[in-house]
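J.: Listed below, chain by chain, are the residues.
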Amino acid sequence: MSEVGALAWVVTMLTVAAIYAHLRVPSWIFAVLGAGTLVYCSFGTNRLFGSLVWWIGIAAIVLIMALTTRQPLLTALLTIAAIFFSTTHEPPYGPLAMLGFLLAVALIKFGGAWSKRQPASNSLPELRPNQFIRVIAYAPIGASVYLQTEAVISATTLRRSAPWLYPLAMAGVLLLLYQQSASVSVGAGQGDEAALGNFYAPQHDNGRDYRWSKYESNITLARISDAEHITLTLSGARPTPAPPAASEIWVDGSYVTTISLTNQIADYSFDYHDLSLDPRLTITLRPTATFYLSDQDYRAVGVIYYAARAESNAAFGLLLPPPSLALLWLLLIVAVGGLLPAAYSPRVRFAAYLVLPLFALLIWIGGPLEGLPLSGAITLLLLPLSAFVQRAPLETWLARGAGWLRGWRIWHVWLVHAVAVPLFYLIATIIFTWPYILDLPRRVPGWPMDNFNFLYKIWWVGNALFGNPPPGSSLTYNPNVFYPAGFNLAQGELTPANTLATIPTTAIFGPIVSYNLLVLLSFVVSGWGMYLLVRYLLDAPPLTPTPPRYGGGSLGQQGGTNPALIGSTTQNSKLKTQNSTLIALLAGLAFAFCPYRMTQMGGHLQMLGTEWLPLTFLFLEKMVRRRRWQDGLIGGIFFALCCWEAWYYAAIIGLFVPLYLALRWWQLRRAGQQVGINPAPTPNPPIGAQSIAPSTGGINHAPTNIRYPQLKTLLAFIVAVAIMVGPFALPYLQLRDTGSLAYSEQLANQNSAVPTDYFLPSELHPLWGETFMQLHRWQNPLEDNLYLGVVPLGLFGFALAGWRRERRQAASPLANFPFMPYLLISALAFVLSFGLGFHIGVLFDKLKVGGSDPNATLWLPGWLLYKFVPLFSAIRAYARFGLIVTLAVIVLAALGLAMLLARPRFAPYRRLTIVALTIVLLCDFAANPYAFGMSRVESQPLDVWLAAQVGNTPVTMFPTDYAQLSGPAMWSSVYHGKPITYGYESFLPALFQRPDVAQPLASFPNDQRVWPLLQGWGIKYVLVATYWWGTGWPKMRDQLAVNPHLRYITHFQERRLWDGNVRLWTSWPDFAWHAQPEDVWIYQLLPD
Amino acid sequence: MQVSTVVANSRQVNEKAASLRVAGLFVGPLIVGLIDLFHPLHFVNGKMVMTNVAPPELGWRIALHIIQIPLFGLVGLAAYLLLADQPGMAATIGKVAVALFTVFYAAFDALSGLGTGLLMQYAVDTPAVQTPLSRRQLKISSIILSPSMCRK
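Residue numbers (my numbering), protein chains in the order written: chain S, 296 to 1383; chain U, 14 to 165.
Don't take each hint at face value.
[As the list claims (entries may be wrong)] To give an idea of the chain U side of the interface with chain S (calculated C-beta under 10 Å), a few residues:
1. S32
2. L43
3. P83
[Stated by the list, open to error] Straight-line Cα separation of at most 20 Å, SDA-like style, residue types lysine to any residue; simulated pairs:
4. K404(S) <-> F39(U)
5. K108(U) <-> L397(S)
6. K404(S) <-> L124(U)
7. K404(S) <-> D98(U)
[What the hints assert, rightly or not] Reference listing, derived: stretches of chain S covered by chain U, where coverage requires no fewer than 3 residues with Cβ under 8 Å from a Cβ of chain U:
8. 387 to 394
9. 1168 to 1177
Derived from the structure by calculation, the hints contain no laboratory data. Glycine is no exception: its CB is placed at the ideal position from the N, C-alpha and C atoms.
Assemble the whole structure, with the sequences as input and the hints as a guide.
T.: Printed below as a string of structure tokens:
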């Protein structure tokens, strides 16, 4: 309380400055700077008072404050008065403060400000009514920041009360802050381009700007609250009498309502509420019909847009911040909270003092949040809560919770590992992918493409077993797709792990739910698998010298684990990695939600099946440590499941399995020799053996005999793989004889990574994703988002730097961690992900430094694999080696974290550090709302029409480039049931690769060979997708109208299936043809 | 009474009020600034010092902090006069802050100054063996009660 008066004085002086000196900047900036002034003065006074640094800081503050107003001298004088008199009134500070105040009063009184004051208009030129309340908040915030940090750093009487008192007070202030009625609006004029997407150019009429919408146009507003009241000013005017215009309204890819428009300008309002993390609110207009304004105007226009306005809407009587801001608060709080422990060190305390206010200022001034209304709350909450976050109450709570968990674990170990941990990842998945869980029966993630292919396969396997498959079909063969060749599912990924596993769910819930369950479960099991792997690696007993038993060898046996490599029980029981469970949980989160996986969720179901990868490595490690054939068997099953997911993983992971085994066996054998552990037990100790080497403490340099147990383990592994994988490899072997299952070198190299892919932040991030999406725009959007994350990378770096020292510590529980194997694996996978040859120029292009020869190529090891190792020639995307890099980096990051937490100075903050890192990691990997959107799975009018046609005559579609690259086109056959001559798969059937078939189809309708070909196949209906032809469609339409082989029947405008962010088109225009609803024209093929 | 007389009287009153206002703006801060030139030092080159004090200085210390109680009120008045006619929330904040300043700054400075002075007096009058305790009390008194942010 003793400082209340001093604080009040500062507030008074700054308020006077704000009133009389006429602010040059928005009032909130002034207020924040004022709060920063207070903070600095407080810190500086306590620690630096009177020093040169203190004076420099004061001078800087006075200068900054002066620059914020139109009368800098007046502000400078008042600031001096504020600072000095609040510091102390002893000489020289008190007299100087009063001198400054007197001069300021003189300036006000005699310098014109006094006489010019106009209460109504001139008093607070920059302060708007709804911002006043912020001014109230800033001063106590400054006090709070000061008291908080002071309470943490020094032992004062406030230490106990402040951590709880001030955050609570600030939470109340912030809540109050949010009760103001904020709003944002966007017009239609020239200056509004940034917020408008896919509109026509602005026009002006009757004093108002307006724009015509297209078939789909969107308006982007800043999200200002968790609940919005949105008003759109629109007109449905038409040049000629026509049915009333209507438009669907979508917000953030979700349908909201359909409004009927009048010819007049009118406001249309609706409420919207969601928990999206996107700081932007994207309103999409989808007119139900477009038309041409005149014969001379070729713009297909929808409705007229004038303005959009969003106001925060109270939910439950309170306005709450949007989730994106809440997330950022948390992120920044944690980031700053992480700095505070460092402040305990006197050496860096001063830096911490400076960092805190500077950090806040940087957020305000330079951050990308500037455009967000109410983002000021970030800073307001940031600093006081940062102290709170790292304070003892939370830590005590965590410790209590962990203690409870420990006690619980003693009795329910299996429950924790088998139930609690998966449940944790399930909850995390639901939250991280929200609201995906609500879409299970309706939509699949990603834009319509590969996802429909896998959906089809899931449906097909269920249909082949329990449905009504056509004659001649089998589990892996459907004669009605790619007719007349038929669709062998082995032309792409059979992915039995997905198709076979979902037979029950497909039978009960249908293929869409099955697909989505697979996606969700992949997150859960991936996290769980990584948890188990990391926990085992951290907790596995180290290899240590042991007292001799039976003479030369040491055979410490412990709980069913490796009898050979377990050392002294007494010593090892003390050597346990601290917080290994929490570290493993964090590693699981990092793996489950890594950008690689989040990106593959956009349609590559088979690549999303990464859950078996960490489990495979877990049992590889167990194989070499325990050498039990059961471990080999289970390891083989998990590796086989990897192969069942995707042949890519068979090749990629298969490359590293022998490498890992060889490295680990060699490593452990060497370690065993060094510490004298003879893995081969000697059942009958020789008489008198104890006298052989008693003085060596059990160290024995005798050669070991480990061949037999390893062989048995390895054999079990191979047998499991052969039994499980063999049957599914047969279709591929057959196809290799009939057609090519290989990509060209160019194609194989096309989707490869560049080094920056691992370091560029995720393109899916709700805040900065679009920026980095631009940097990936020349790549495949699904392949090159390989960002490793700031937390894994940082910890990985720590592991790299500290491993050498850690390894030498005999008492370290991490001494036997497979550091080197994982490091080598990550390095090798890193290089292989660059493909066959590295286009050096591409990297420079990506970094925008230019000046390089784009054709310069550095041939890489991947080329050798492509040429000489089976399966690798069928790899289209070498960037997928990035998964191995991700896995290895996360494993080593877990090691780094364990090493970090083992340091004594981190002892009080272990759990807190893990919690903080977890929050940072999740904020870094955030991908909500999902940038690739969701695709609705539903029938189109065309499907309904085709289904109604009598007979089972085949249908073909042109152009083939579209038909053979459209997942939804293949999926449509599920609805109409007609044989189709097209499909969507990695490789085409051999028939469609033959030049005499491929060329006529590709040249439709100009190649005359196409007509007898189609007639020979018995085609009745020819479908022509118009969008693919682009502006050439009217000409093509006229050409088809006079074609003697075709008769026009009808055409259908399809509904758009994709609910996603049309801004993606900026980065990848190819998205457009996936996202655009097709206009399909139907012709009947006439006999000659 | 003639209207002109009323107007003239009113004008006189207004002028008198304006003069008082100007005086109120300057007098308090001026006196505080001057008198603080003679404030006993706790800080020398930014370092807190608690040197031996002589009885005359103790007397001045106590007197100064009694005098300052109303003077801080005058400083608050000066600040208030700058804000008095101003409308709006910002001015209201300023006025509330002035009230807080006037009450708390003056109160705690008086408590601190007087308390410290009295403790020093006590320390001077106390046998040497008990002096360390008194010095610690002195320091605590300065830390806890000082209205400034200058705590050590």
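J.: For each hint given before, does the structure comply? Return the numbers of the non-compliant ones in rising order.
T.: 1, 3, 6 and 9
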